[in-house]
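Each chain, letter by letter, is given below.
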Amino acid sequence: MQAIQVASLTRLYRNGRGIRDVNLEVGQGEVFGFLGPNGAGKTTLIRTMLGFMHPQAGQVHMLGIDAVKQSREVRSRVGYLPSDPALYDFLTGRQNIDFALSVRGVKDRSRVKVLAERLDVDLKRRLKTLSRGNKQKVAIVVALAHDPDLLILDEPTSGLDPLVQEIFNQLIREEQARGKTVFMSSHVLSEVEALCDRVGVIRDGQIVTVDHVDNLKKQRVKYVKVEFKEALPELAKVAGVRDLQVEGRKASFTFHGGIDPLITELARRSLADLTLSDPPLEEIFKAFYEGGGGGR
Amino acid sequence: MTLFRQFFSAHLKGLLIWIAVAVLMALSGTRSAAMFMNTNMWETLPQSVMSMYGNVAGLSPVDIYLTLIIGKGTVLIPTLYAVLMALSIVTREVDRRTVEFLLALPVQRTQVLTARIAVLVVNVTLVAGSIWAVQRFDMAAQGFQGDWGHHGLVFINLWLLSLALGAVTLAASMWIDDYSVGVKLCLGIVVLGFILSMVMRAAGVSGAVSAISPFSYLDIGGVMRSGRIATGDAITLAVALAAGLAVSFWAFNRKQFSA
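Going down the list, the protein sequences come from chains A and B.
Using the working numbering, the first residue of the first sequence is number 152, and each one after it goes up by one.
Using the working numbering, the first residue of the second sequence is number 883, and each one after it goes up by one.
Please keep in mind that the hints were generated in silico from the structure rather than gathered at the bench.
Cβ atoms here follow ideal geometry from the backbone N, Cα and C, with glycine treated the same way.
Where hints are given, some of them may not hold.
Claimed, not checked - Residues from chain A shown here face chain B by an in silico Cβ test under 7 Å; the list is partial: (1) MET204; (2) ALA208; (3) ARG226; (4) SER227; (5) LEU238; (6) TYR239; (7) PHE250; (8) SER253; (9) TYR374; (10) PHE379; (11) ALA382.
Said to hold, decoys possible - Calculated pairs, DSSO-like style, for lysine-lysine (alpha carbon to alpha carbon, straight line, at most 30 Å): (12) B:LYS895 with A:LYS279; (13) B:LYS1066 with B:LYS954; (14) A:LYS258 with B:LYS1066.
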């Protein structure tokens, strides 16, 4: 059974934006990264999955349950962390958590204490007196306190300092080790690279690729460093060369697409050095974001 | 019950402030009763001014006074409170984005709305009831005996009017996501309706024209005199209440909570 199955899901706004015919599957126990530029449809998909918005077409199943028709049952087993969480300001952290757990019918508060200690958050203070980072920590406790089977995290580490981000990453790894599924949207590619098994990229409301992080890195984007023995050829004219930087006889660039034309071009020259490496994940996703489709 | 408790506690401070204001306003009215009675002030006031607060013909001096102190502004307290409460049910949550926290929990939207409407009913009852209690018992304590059964009916009419306004506001609020805009708009309409009803009463306007103000469905003098709420008023308010609630549930269940 898949933890998340999204089939032909469409939810469009009046301005034509939103998500269109989205298909996605996330396996149980998987940490799935969901990436896309602002306005691509990440939050719309998450909100539609959680029942905040009703789909115009398509289906969503989470943990084997129809998330549209049985949204309440789904939400009882899901922990949700929004990108900029808004809890009740007039309540303390503990009161917010107690409210959420009471509604969920959870009496066991043991995880609250453990999580609060791990994240070093004071639950006795009213939310309005806390910094954004500390509010985010309370929201993480809210999302995890009921020991959900599926975690949906919308840019979860925005507002957290690097130390807490690392603790958060550890928590996610522990959840995965316990067989829990994590679906997280993020802008922090290093975080996705460190945590996720697979990644989906959304652009203009449509999924443009879903693949393992390692596969994506091996795809047809290469980071190239080359030193010529003679004058530099006009590399900018070679199809697929982007972000070209030149320093004397040395050049560095990313190369998108099949490697053959580049090798053919370079073979005509006398080279002092050549390095081909996997680019940082940012370069790969930039290609998807800009409509390049990663050279697939 | 958790949803009810949470929303009630969220409004407890506000409720106590409103009750305090209501009690002080009611006391300011009842404590001036002796001066009013002793000077026969109502006989010196122009008919149009008397009519502004309600038709008091045929009432005893105590009942005339009660009609005046209810009509001159007391009616605004539970009605304005109901409108503000109604706006806090969904619009304020959307505006402050706490609605995400709420909807991510395993609750049906209908449950959320039902619990919150129940708090609105309880709180409006407490605010209206506190005014009624102060008028009823402080006047009696000063030795003024009004027709307390009829006086109680006026408050039932006022309670019904407040709830109807609350329900209509709640229905309208489903399309208002900005809390401050909602407050300005809805309070403006209620206050304007109140002023309009006073002006129309002073000018002797009645019938279909007067029906545009919600306060036309609270005939304080008529209820004090007859001991019954006019059937037309009761039906109109009950229909507004039912329609407001029906639209609220329908719209809330279909509302899209986008970013």
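Hint-by-hint comparison with the structure:
no., hint, in the structure
1, MET204, "holds (5 Å)"
2, ALA208, "violated (15 Å)"
3, ARG226, "holds (4 Å)"
4, SER227, "holds (4 Å)"
5, LEU238, "holds (6 Å)"
6, TYR239, "holds (6 Å)"
7, PHE250, "holds (5 Å)"
8, SER253, "holds (4 Å)"
9, TYR374, "violated (35 Å)"
10, PHE379, "violated (50 Å)"
11, ALA382, "violated (53 Å)"
12, B:LYS895 with A:LYS279, "holds (16 Å)"
13, B:LYS1066 with B:LYS954, "holds (22 Å)"
14, A:LYS258 with B:LYS1066, "violated (42 Å)"
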